[in-house]
Amino acid sequence: MRHLLTTETLTRADALAILDVAEDMAEVATRAVPKLPTLRGRTVANVFFEDSTRTRLSFETAAKRLSADVVTFSAKGSSVSKGESLKDTTQTLAAMGVDAMVLRHSASGAAEVLAASDWIDAAVVNAGDGTHQHPTQALLDAFTLRKSLHGDASRGRDLDGVRVTIVGDVLHSRVARSNVWLLATLGAHVHLVGPRTLLPVGVETWPVTTGTDLDEAIAARPDAVMMLRVQQERMHAAYFPHEREYSNVWGLGDDRLDRLPADTIVMHPGPMNRGLEISARAADSPRSVILDQVANGVSIRMAVLYLVLSGSDPREAAA
Amino acid sequence: MTTLLIRGAQLPDGTRTDLLIDGGVVAERGDGLTKLGATIVDADGLVALPGLVDLHTHLREPGFEASETVLTGTRAAAAGGFTAVHAMANTSPVQDTAGVVEQVASLGAQHGYATVRPVGAVTVGLAGERLSEIGAMARSRAAVRVFSDDGKCVADALLMRRALEYVATFDGVIAQHAQEPRLTEGAQMNEGALSSELGLAGWPAVAEEAIIARDVLLADAVGARLHICHLSTAGSVEVVRWAKARGIRVTAEVTPHHLLLTEQLVADASDPYLPRYDARFKVNPPLRRDEDVHALRAALADGTIDIVATDHAPHPVETKECAWQEASFGMVGLESALSVVQAAMVDTGLLEWSDVARVLSRVPAEIGRLEGYDAPFEPGSPAHLTLVDPAARSVFGPGSLRGKGVNSPYFGRELPGRVIATIHAGVPTVLEGVLRAEEEVSHG
Chain A
1 MRHLLTTETL TRADALAILD VAEDMAEVAT RAVPKLPTLR GRTVANVFFE
51 DSTRTRLSFE TAAKRLSADV VTFSAKGSSV SKGESLKDTT QTLAAMGVDA
101 MVLRHSASGA AEVLAASDWI DAAVVNAGDG THQHPTQALL DAFTLRKSLH
151 GDASRGRDLD GVRVTIVGDV LHSRVARSNV WLLATLGAHV HLVGPRTLLP
201 VGVETWPVTT GTDLDEAIAA RPDAVMMLRV QQERMHAAYF PHEREYSNVW
251 GLGDDRLDRL PADTIVMHPG PMNRGLEISA RAADSPRSVI LDQVANGVSI
301 RMAVLYLVLS GSDPREAAA
Chain B
320 MTTLLIRGAQ LPDGTRTDLL IDGGVVAERG DGLTKLGATI VDADGLVALP
370 GLVDLHTHLR EPGFEASETV LTGTRAAAAG GFTAVHAMAN TSPVQDTAGV
420 VEQVASLGAQ HGYATVRPVG AVTVGLAGER LSEIGAMARS RAAVRVFSDD
470 GKCVADALLM RRALEYVATF DGVIAQHAQE PRLTEGAQMN EGALSSELGL
520 AGWPAVAEEA IIARDVLLAD AVGARLHICH LSTAGSVEVV RWAKARGIRV
570 TAEVTPHHLL LTEQLVADAS DPYLPRYDAR FKVNPPLRRD EDVHALRAAL
620 ADGTIDIVAT DHAPHPVETK ECAWQEASFG MVGLESALSV VQAAMVDTGL
670 LEWSDVARVL SRVPAEIGRL EGYDAPFEPG SPAHLTLVDP AARSVFGPGS
720 LRGKGVNSPY FGRELPGRVI ATIHAGVPTV LEGVLRAEEE VSHG
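Quick note, the sequences are listed as chains A and B, same order. Residues in the first sequence are numbered from 1 upward in steps of one, following this note's numbering. Residues in the second sequence are numbered from 320 upward in steps of one, following this note's numbering.
Looking at chain B on its own, in the form it has when it is part of the complex (with noise of 0.2 angstroms):
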């Protein structure tokens, strides 16, 4: 085990102090730390994050392993600061029974660069039909507590409410993807006056707000937890500002892209010479309008919503060099989020770096009943440690990543911050800025 002594890092409450990293966990915090043999960490000026816990990541195996690996999104994650993933049911097979999740928790655990929490799906196949496996994964070795079908509402009611009613027995939580499929067939981007120009099928908003209003009823109804992936309406803001008002068990996710991408992007208008119809910036839910983005920061910053999640969909080139109807949907963000969060909200005085813990890694952690995350910096805590340079600006690009995926929508944009350190239960897998070798990370 390595060890590991972090110097006058800033928390996020703003205290400076040295971290002691020994055995796995915060073995001391205090001034003037010393110990023989340690690895010394120069963390002056750096801010120390709890190690960033992603509830949205698609890590494509198994299955696509062309887009994503284990390894390489969890590569990807250090890259970012993130120290756990919650990879997404929507692999080949999916993950709707306890071998697959097993499986792919696994995987995680024997590359060492980050935890890895597999989503079970809510119905067998992402079909929509019948209920998977939730109690036999609940009850695998990989725990499983956050189920979805992400990529896919779960649009039948009634399914919806017995799936609620189910994961309640295993303290699990049904992480809606709201987007109701028939207002929404075909459809390529954000509905408006833009998509009626572009000739591109529209996405209305109440596609979204309907199931989400929907949900909300639901769970309060049966009376169980449900979270909603990737918000990305100023309606949908309305609703569940409305639903937390009224006692309802419901938490919220964002994601960084929208929190700083409009649909403007599509067809930037200021600029008639820049290609339009650019498949990078296609993505479920579409990018929205200016005033979206406003209403889910403030949404963030009054705690409306509660997370940043990345929704790191990796895709090879060939499925985004291409029409935009043909175009998959997805953008990776796993090495961007921080940035981008910082980009968006602190940096404009949204959000302090203590909320930035909150939104990034106590609360993703508390939805996915993941442990280990509750009292970060601790003395006896696990060691999930993210070091962030607020200082740092530079231009994103596809040196900026490392997961199989070059799908990011922010080559050539200059974002603030950079993820010096990540240490992942007392491991550096990201130290000097540097990603570290398999062989340096891997348990096995």
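Same shape as in the complex, but just chain A (with noise of 0.2 angstroms):
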């Protein structure tokens, strides 16, 4: 794998084969010192132009299991603000020597344009550009979702007719469109809900079902259903009146979980908005696995970095 920058364009194969080799990394976790050499003298650069700490951390305690060094460039403070281009700091970080990139950038296709031009030679990972993808959060959350249905017995096992209802600003969300292409790929049926004005032009033609009605999807009994953030920023936007009422109409709240089937799992992207998107008690209940997610997170960034960095095919990696 040379780079990761989509889900989109993922096969059914090489996404089993991430989840398979993050299934390995997952049990480096459990050692006494969790750690491999696999990437020693590599290094790995953690490029954000956008400020996300948990994503970072995960990247970067990823790439530390797995040995390889880790240099953070943060657009905060740096020359971003003065106006420094995607080209001009890629290049800079590449003269230092980076194997490979994890590029986290407010412009929708940032990472596909770094990984298609001339500019640099290592090797790209999406860590989330925009609003459009966020791979590695998609392969974390079917990771949970298979460890949760198959447990130990997850290896090699897809998510065919898995049923997930992804609930709030589908259309803001890079985690939503990670997960209807990665979710369908593997076999899952994909249920969006939310309300009109947060659900994309031409979601019709997307591999998923939708509707607006949570207690509908509820009542439908899927096996997870994931609440997305709602930003601050749309709160006053004319998506809807305010917090309150998305909070009752689409809010995972107590009563709507109390009415979920018993193995419904709860997921969530994180950094939650306790009270507005979903209630405490649902965000802290047995069922909720939105600590697994963080988990799994890292696993899922050890195995696509040494996936990218070892330039294998993840198939062959994995057998």
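Honestly, the hints are just simulated from the structure, not real lab data. Yeah, the Cβ is synthetic: ideal placement off N, Cα and C, and Gly gets one too. Treat the hints loosely; a few may be bogus.
[To be verified] Residues from chain B that keep clear of chain A, each with C-beta distances beyond 12 angstroms, as calculated:
no.	residue
1	Arg335
2	Gly349
3	Gly447
[Claimed, not checked] Here's a subset of chain B near chain A, in silico, CB distances under 10 angstroms, partners left out:
no.	residue
4	Gly521
5	Glu640
6	Ala642
7	Glu645
[To be verified] Computed spacing ranges between beta-carbons, pair by pair:
no.	chain 1	residue 1	chain 2	residue 2	range
8	B	Val725	A	Ala238	37 to 47 angstroms
9	B	Ala617	A	Gly275	52 to 62 angstroms
10	A	Gly211	B	Glu504	22 to 32 angstroms
11	B	Glu504	A	Pro271	18 to 28 angstroms
12	B	Arg501	A	Ser117	30 to 40 angstroms
With the hints as a guide, bring both chains together as one complex.
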């Protein structure tokens, strides 16, 4: 695997291979010394044009568990505020000797533009581009789903027939986009729920079903409910009247939590707005796998860094 | 003054003739012309078009000389067969006073590659708040007749009404950039399934159509004429068609790129290995759907859309070598316009060469109140003409460009037609397919 840019073009075999390598990586975390020498001498740059402490820490942890050196570029207080471009920043880092760039950028397509350019030779891992994609998030979600369904027998399993309901601001969500394509590729049935203002134009062409009624979606007994974060900047932009109405109609409150089937899991990509899209009880309930998602994120990112830096076909690596 | 004898050119109406160009005018027209000392131009197999007139060009001078200057932009124009361009007002300082428009016009006259007709800003600083000195610009030596805040929409309905009324005083026209600002906040590409998949903020068709609908009604109410810049949607065509049927004095333009290219270029689904988000395809208004392209072609063919205008918009390389959202809107278009029109309209059988003469010369000149284009090829008329070889085909590349901008969407694409000669006021600016040197063209 040369880069990881989007889940749209990931094949089922490639996706499963990444998930299976991540299973191996997850085992490493349980050892007394949770570290592999695999990427010793390689350098991973976290290139964050947009703030995201969680994602950056997750990638950093993953790289360090594989013994890679990690350098971090963060836009805040850097020359980006002086207008330094994607091209100049990445070329500067490349000149210092970087083998992989983990790129977070507020512009959709930034990782693809970087990978397609002749600016750098390093592998590019998309850590979130605008409102487009966040592929490692979708992979860790798929991993978490698979684990919750199949436990230790997860290796090699796809998500055929698994029903996942994603709720909220799909329009602006790279998490939703990444999951829609990956989960569909893995055979899951994805149902999107939210107000019409937050469902994208043309969503009927996506490999999903859609609705606006969360109670109806819950009554359909999904295997997982994934609540999306409501961003502050949406609150006053006429997408919905106010937070309480959003919370009442599309939030996973205690009442809805109690109506979920016993084995339905609750997911959230974080960071959560407790009391808005998800109640505290839902977030902390036994069916919540939100912290598993965080832990699995490290395993997935270890797998991805290993695969792009070992340069091998993920299917061979998994074999 | 150069004396030119053009032998055996095919005029737009299909007749074949010799043309003698002398003293800046078409001196004689007929078979078997001779003239001692004249430069002979063998036009066998070539189509003679009247000099092309662009109603929508960004020359960027003053203020953005890194992108283009009057000299480089008019060189690009000449290379594309144009003899007159209307230079949009979004310069720095903005073309909102008599002084600035006179400066731009005189730079054009000095360089000689094309007549430069400055477009005056409708509002001071393009800010959309107060009317600029429309009268002063109209009465200046630049004799401005087209007023536009292009790049920005005159969104305020009252201001638009007043502008339409006021320019009518000077036989001027408002060229509206139809883009409802609130509906297009942060917009990046045509709104639809593709924008949603790519995570790029959508630019809905209604943002253009709603303004056009409002403005044709305003123009009707005050009895003024209105010009719509760069129509891009099938719905806009319907609105203009309705307005014309009602007798409203509206004219409309389409760009060459909206006649040929679609939004699919932002992400060519047929080829997963082609890079997506290539900012060369980022333009305002955005590339639209295939259905829109076909509606625009049909509207140009049936006269609903009056003219083709390039919206030549040069930008420095670094503003396109970046993430899509950070890139500038715009494409260069002067050098490719005629070839693209041939590909989209002539080779498809939708337009004859006489129609091309109409949509790329006579009518844009009429809208801009530019004299000298009403009777091309008639003895005594100013000698503005273009010889094109319609049988030529070549792959468009950076070498095809003559301006400063290299932000063309056509690189690597085979296009028909080649400009063999461009003659501006009797002076050849392109001869034997080669752009002539500044000292051979300059007036001073």
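Checked hints:
no.: 1; hint: Arg335; result: 50 angstroms, holds
no.: 2; hint: Gly349; result: 57 angstroms, holds
no.: 3; hint: Gly447; result: 22 angstroms, holds
no.: 4; hint: Gly521; result: 6 angstroms, holds
no.: 5; hint: Glu640; result: 6 angstroms, holds
no.: 6; hint: Ala642; result: 3 angstroms, holds
no.: 7; hint: Glu645; result: 6 angstroms, holds
no.: 8; hint: Val725/B / Ala238/A: 37 to 47 angstroms; result: 40 angstroms, holds
no.: 9; hint: Ala617/B / Gly275/A: 52 to 62 angstroms; result: 55 angstroms, holds
no.: 10; hint: Gly211/A / Glu504/B: 22 to 32 angstroms; result: 28 angstroms, holds
no.: 11; hint: Glu504/B / Pro271/A: 18 to 28 angstroms; result: 26 angstroms, holds
no.: 12; hint: Arg501/B / Ser117/A: 30 to 40 angstroms; result: 34 angstroms, holds
The earlier numbered hints are all upheld by this structure, with none contradicted.
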